[in-house]
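Novice: Could you put together the complete structure from these sequences and hints?
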Amino acid sequence: MITMIAAAAENNALGKDNDLVWHLPNDFKRFKQLTTGHFIIMGRKTFESFPKLLPNRTHVIITRQKDYQPENTIVVNSLEKALEVSKEDKQPFIIGGGEIYKLGLDVADAIELTRVHGTVEADTFFPEIDESKWDLVKEEFHPKDERHDFDFSYLTYHRK
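For the sequence shown, position 122 (counting from the first letter as 1) is numbered 122 according to the UniProt record's numbering, and the numbering increases by one without interruption.
To be clear, the hints were calculated from the coordinates, so they are not data collected in a lab.
Treat the hints with care, since some could be wrong.
What the hints assert, rightly or not - Here are the simulated lysine to aspartate or glutamate pairs, DMTMM-like style, with alpha carbons at most 25 Å apart:
#1 LYS81 with GLU48
#2 LYS16 with GLU146
#3 LYS32 with ASP109
#4 LYS66 with GLU99
#5 LYS32 with GLU88
#6 LYS133 with GLU146
#7 LYS66 with GLU80
#8 LYS144 with ASP89
#9 LYS45 with GLU128
#10 LYS32 with ASP89
#11 LYS32 with ASP67
#12 LYS32 with ASP145
#13 LYS102 with ASP27
#14 LYS102 with GLU139
#15 LYS45 with ASP67
#16 LYS133 with GLU112
#17 LYS90 with GLU10
#18 LYS16 with ASP27
#19 LYS133 with GLU99
#20 LYS90 with GLU112
#21 LYS16 with ASP89
#22 LYS16 with ASP149
#23 LYS29 with ASP151
#24 LYS16 with ASP151
#25 LYS138 with GLU10
#26 LYS52 with ASP27
#27 LYS102 with GLU84
#28 LYS66 with ASP17
#29 LYS160 with GLU80
#30 LYS102 with ASP17
#31 LYS144 with ASP109
#32 LYS160 with ASP17
#33 LYS138 with ASP106
#34 LYS29 with ASP149
#35 LYS52 with ASP89
#36 LYS52 with ASP123
#37 LYS102 with GLU112
#38 LYS45 with ASP27
#39 LYS87 with ASP109
Just so we're clear, the structure is a prediction, and the values are computed from it rather than from any experiment.
Specialist: Set out below in structure tokens:
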């Protein structure tokens, strides 16, 4: 099962200037819980936005750059190759960014989306989810609080 995981505002905003536009500690915890032990597939810019490798995950980076090879990562030049090298994982995760999510929408079986209730300025966006192709199977609302600047909901979609 191929799963896309993202946090996106109501206008599908993901980030700006290669960074997130909100701080949601519980969403980070959920991301860690779901992706630990799995292959995580991402574009180069998403990888470069991390301060360091995410522990206990296999990093698969998609880039067109020929000589790009960060230590302890797998580098490929297409989503198809990324999925091929991730075959041993029963649930690889596509973690961004915007261009990789667009490609992933055609191959994913599930989407774990944190919908941030608000509209923010961004330069990277999550693709529109076509409700005729996806079933919302789980929804869990979380109000904003002293640690979270926005209300947000965890949404789980499965391909119809």
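Novice: Going through the earlier hints one by one, which of them does the structure break, listed in rising order?
Specialist: 6, 8, 11, 17, 21, 31 and 32
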